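Participant: Each chain, written out:
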Amino acid sequence: MDIHFTPEQLAFRDEVREFLKQELPADIAAKVKLGKHMAKEDHERWQKILSAKGWYAPGWPVEHGGTDWGPVEKHIFDEESAAYGAPRLVPFGVNMVAPVIIKFGSEEQKRHYLPRILSGEDWWCQGYSEPGAGSDLASLKTRAVRDGDHYIVNGQKTWTTLGQHANWIFCLVRTDPEAQQQRGISFLLIDMATPGITVRPIYTLDGDHEVNEVFFDDVKVPVENLVGEENKGWTCAKYLLTHERTGLAGIGASKAAMRHLKRVATKQQKNGKPLIEDTLFRTQIAEVEMELMAAEMSTLRIVAAASEGGVPGAESSILKVQGTEIRQAITNLLRKALGPYALPFLPEELDYEYDGDVLLEDYSPALASSYFNMRKLSIFGGSNEIQKNIVSKMILEL
Amino acid sequence: MKILVAVKRVVDYNVKVRVKADNSGVDLANVKMSMNPFCEIAVEEAVRLKEKGVATEIIAVSVGPTAAQEQLRTALALGADRAILVESTEDLSSLSIAKLLKAVVDKEQPQLVILGKQAIDSDNNQTGQMLAALSGYGQGTFASAVVVEGDRVKVTREIDGGAQTVDLKLPAIVTTDLRLNEPRYASLPNIMKAKKKPMETLKPEELGVSTASTLKTVKVEAPAARSAGIMVKSVDELVDKLKNEAKVI
Amino acid sequence: MDFKLTEEQQMLQETAERLVRDAYTFTKREHASKSEAGFSTEFWKQLGELGLTAIPFPEELGGFGGSGIENMLIMQELGKGICLEPFMESVILAGGLITQLGSEAQKEELLAGIASGELQAAVALDELHSHYDLSHVTTTATQQGSDWVLNGRKGVVIGGHTAGKILVSARNAGDTCDQQGISLFIVDPNSAGVTRRTYATVDGRKGCELFLDNAKGELLGTAGGAYDAISYQAGRAIAALCAEAVGAMRVLCDITLDYLKTRKQFGVVIGKFQVLQHRMVDMVSALERATSMAILAACLADDEDSAERSAKLSAAKFMVNRAARYVAEESIQLHGGIAMTWEYSGAHYAKRLVMISHQLGDDDHHLEAYAAQLSA
Chain W
1 MDIHFTPEQL AFRDEVREFL KQELPADIAA KVKLGKHMAK EDHERWQKIL
51 SAKGWYAPGW PVEHGGTDWG PVEKHIFDEE SAAYGAPRLV PFGVNMVAPV
101 IIKFGSEEQK RHYLPRILSG EDWWCQGYSE PGAGSDLASL KTRAVRDGDH
151 YIVNGQKTWT TLGQHANWIF CLVRTDPEAQ QQRGISFLLI DMATPGITVR
201 PIYTLDGDHE VNEVFFDDVK VPVENLVGEE NKGWTCAKYL LTHERTGLAG
251 IGASKAAMRH LKRVATKQQK NGKPLIEDTL FRTQIAEVEM ELMAAEMSTL
301 RIVAAASEGG VPGAESSILK VQGTEIRQAI TNLLRKALGP YALPFLPEEL
351 DYEYDGDVLL EDYSPALASS YFNMRKLSIF GGSNEIQKNI VSKMILEL
Chain Z
399 MKILVAVKRV VDYNVKVRVK ADNSGVDLAN VKMSMNPFCE IAVEEAVRLK
449 EKGVATEIIA VSVGPTAAQE QLRTALALGA DRAILVESTE DLSSLSIAKL
499 LKAVVDKEQP QLVILGKQAI DSDNNQTGQM LAALSGYGQG TFASAVVVEG
549 DRVKVTREID GGAQTVDLKL PAIVTTDLRL NEPRYASLPN IMKAKKKPME
599 TLKPEELGVS TASTLKTVKV EAPAARSAGI MVKSVDELVD KLKNEAKVI
Chain V
648 MDFKLTEEQQ MLQETAERLV RDAYTFTKRE HASKSEAGFS TEFWKQLGEL
698 GLTAIPFPEE LGGFGGSGIE NMLIMQELGK GICLEPFMES VILAGGLITQ
748 LGSEAQKEEL LAGIASGELQ AAVALDELHS HYDLSHVTTT ATQQGSDWVL
798 NGRKGVVIGG HTAGKILVSA RNAGDTCDQQ GISLFIVDPN SAGVTRRTYA
848 TVDGRKGCEL FLDNAKGELL GTAGGAYDAI SYQAGRAIAA LCAEAVGAMR
898 VLCDITLDYL KTRKQFGVVI GKFQVLQHRM VDMVSALERA TSMAILAACL
948 ADDEDSAERS AKLSAAKFMV NRAARYVAEE SIQLHGGIAM TWEYSGAHYA
998 KRLVMISHQL GDDDHHLEAY AAQLSA
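Residue numbers (this note's numbering), protein chains in the order written: chain W, 1 to 398; chain Z, 399 to 647; chain V, 648 to 1023.
To be clear, the hints were calculated from the coordinates, so they are not data collected in a lab. Since the structure is predicted, the reported quantities are computational estimates derived from the model, not experimental observations. Certain hints may be false.
[As the list claims (entries may be wrong)] Covered, in the sense of this in silico footprint (three residues per stretch, anywhere, with C-beta under 8 Å from a C-beta of chain V), are these stretches of chain W:
#1 293 to 302
#2 389 to 396
[What the hints assert, rightly or not] Derived pair list, reagent style BS3-like, types lysine-lysine, alpha-carbon separation capped at 25 Å:
#3 Z/LYS418 x W/LYS103
#4 W/LYS393 x Z/LYS414
#5 V/LYS908 x Z/LYS414
#6 V/LYS911 x W/LYS393
Cβ coordinates follow ideal geometry from the N, Cα and C atoms, glycine included.
Full structure from sequences and hints, please.
Facilitator: Structure follows, in structure tokens:
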């Protein structure tokens, strides 16, 4: 038993660090670290750099443009990327629809869609949740009716993250209304330019435009856009959810956030001393940091088991709950660190190009907003309560 | 006298087994594996015979994946002198195992072969008997006592309603029952010594044995859940329930 | 990076696991707890015979040359049985202090005995007002000729009532909380000037107060320079306690889960209620965190002394203390009345789990220690 990386793994880490040092654009890293607004172009720029290196889709099989990294290498890459301030990859194309196409799609679909994801030509978004189907996803109502060589889609999707940038959406739609909940669902790929699709922004409580509603009004979708078999879409959805959950603990991001918290707590003052020297405040930092240490060790245990061929199962649910609670606790302390200066709402200062007077510090305008924004962590990807149901059923067999 | 002891790698008896979702077998991923408890008894008996001066060498043999070396190493720590792994990743039937053991018996020429009466994974209770048939040796199954005298071995067998003692000519096959002995714990010094004892690995092909199976597992299912027990207040009530509810008397 | 055990480690674990399972039934534990020694002298002998008490010692002493990992494996199994024997105190803590500080003669005299189990040693570090601070030492040591004479009171010496030797921290220079000026002495508890008041502990073990009135002590290491070794070895003992807690928590989680699957109310097993399911998941999740931290502690325990090692060991003890108390309290609540009875084994696991935090630092102590190094 050894918690240290092997020399090969350390060499790989150095390679990743070197790459990030050389290639990660400074303005993008600054935006990430200070919580400034990211433009579509920022994401695309970073994706292109990763693509050129062959590191944009590490999880894919090599023949489709992936890497031969094992779980440990992927972990190191995620962790270092977060540490250097690389933006979190928009997962919908590369890490969500692509694995489903690779697993369930036709050769034709693989040939068509995968290269377009790698090149950045397509920006995907996810059409899962509906106004009446959140945690109970299988109760979704968006209908797709077969009409010759097309499906006619009607309905509404919601919480569509960055749908405003997307030209494609993958959707769960109901193709058999008579079948039991999970049975009559299909997995469809839909071109956002198809007539009948309307995207409407949802402004979140922090004032940001990140999510959208997508309306489908007699949208014609060719049948060849069906992935897998008709009415078997739930299999794809389940596969994708396990894929999604493993990365949701966000340990690398939390470690970066923890470093940010310490920087902020060194700059902010109380009683004429840096906040980090205040017993009460630093005790709260200490508590979260120790929780984070435990979550990191648990992640490493899962990663090591995975590299031995184990499949991360319900234990990743435990980690999702733990990891998201830790991240929320860090954003809570970041907000508290500002004292009364958490109050000013300064969206203009979140613009990286802003050149006016800064009210307090470059980091301050994002903190309260981010605290509210991060409440989403325990809701999306299967709410933390749903995760507990999964553990209860799968591990504890209750 | 040489003794050959067969040991099998099985799911630890403390683990609650789970059937795989596709009903193809039992889920072995990340499950603790141990030596089959009846095989431990077999090893213990061999070690005791050696301690009494009856046996001179104990060879532990296992058929299974590379990881079965762990169980062989345990046998070495318990007192076996050397070990042989017949390496196979397939899920072999009792007959294939018996054929492989027969080949090892031919190679090693032991006077006594001790096996567990059955393995707790598939509960087949066949290998010892099959090995006896293949090798033409006498068999003393379900042993609760084993006494070697000269070129014969007396095996007391647990049978319905009592005990039966058979007197076999060596070489012979013995399979162990639960009450034969209480296996010892591997002590730290012996664990250290086991590291240095020889372990040989063979392939079925090297032994000239074909392991093609004639059996196919159709489906594996978990047993139906038992309903909870109840407390009865008196013997009368118990008798009544056995008669009228359970209808077993 | 690798979390697998070697073949030897697996066999060691299996031996310990089986031994505890066979020897430590609930009734046997009750019996041992109420005996004069307060633990099973027979089981202690078995630990010695099987070489388990030799685990951390070098091979030339008949040991296993074991590291924190091997200590973790055995402590976990002892935790599963809530074993009463002073294994950590004698083998890991006293054994570690003698290995680190002792002269060749002292090592030769004492370590073979500790490794074989024939000598059970104890360590007296706490005092009336020390509250886990190992540098808070008021017991005095005065040199008289070639002898050292000790005066003062040491508290809650687990296993001290039966120990053949007790290692005592005493001050020969400096103020009450100075790290400099603390020495360690080997005291024969049966010698003149030593009196003990033996008592049972809440978790079923036994310990004593140690009164030193011009008692003789044999210096271990250099005079006044024992603090670093004490703090280092306390770190190893902390890792061991973390592992013990994980073993006990695992069993208590299993017991509780079983109960949820058996106990019926309102016509269904209570494990069908979502409110209880989520609480059970939270218990298991606390256990997972604690397991991770116990592994971290075990991997660091025998590393060279450093600020990082100390901080991470504090983090481990903090997280494990918290998880242990959480699992203990929740298991009682999820059981209901039955867990309030002496005859229910789960109750005894809960008591040990809470009491572990009172050895070598509770969560407040380690939270403060961890926080202090953040701004350093």
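Participant: Would the hint linking Z/LYS418 and W/LYS103 be met if the CA-CA limit is 25 Å?
Facilitator: Holds, at about 21 Å.
Participant: For the region 389 to 396 of chain W, count the residues whose Cβ lies under 8 Å from any Cβ of chain V; is that count three or more?
Facilitator: Result for this restraint: holds, n = 5.
Participant: Given the hinted pair W/LYS393 and Z/LYS414, is their Cα-Cα distance within 25 Å?
Facilitator: 16 Å, holds
Participant: Within the region 293 to 302 of chain W, is the number of residues with a Cβ closer than 8 Å to a Cβ of chain V three or more?
Facilitator: holds (count 7)
Participant: V/LYS908 and Z/LYS414: Cα distance at most 25 Å?
Facilitator: 14 Å, holds
Participant: Given the proposed pairing of V/LYS911 with W/LYS393, does the C-alpha separation stay at or below 25 Å?
Facilitator: 18 Å, holds
When the structure is compared with the earlier hints, no violation turns up for any of them.
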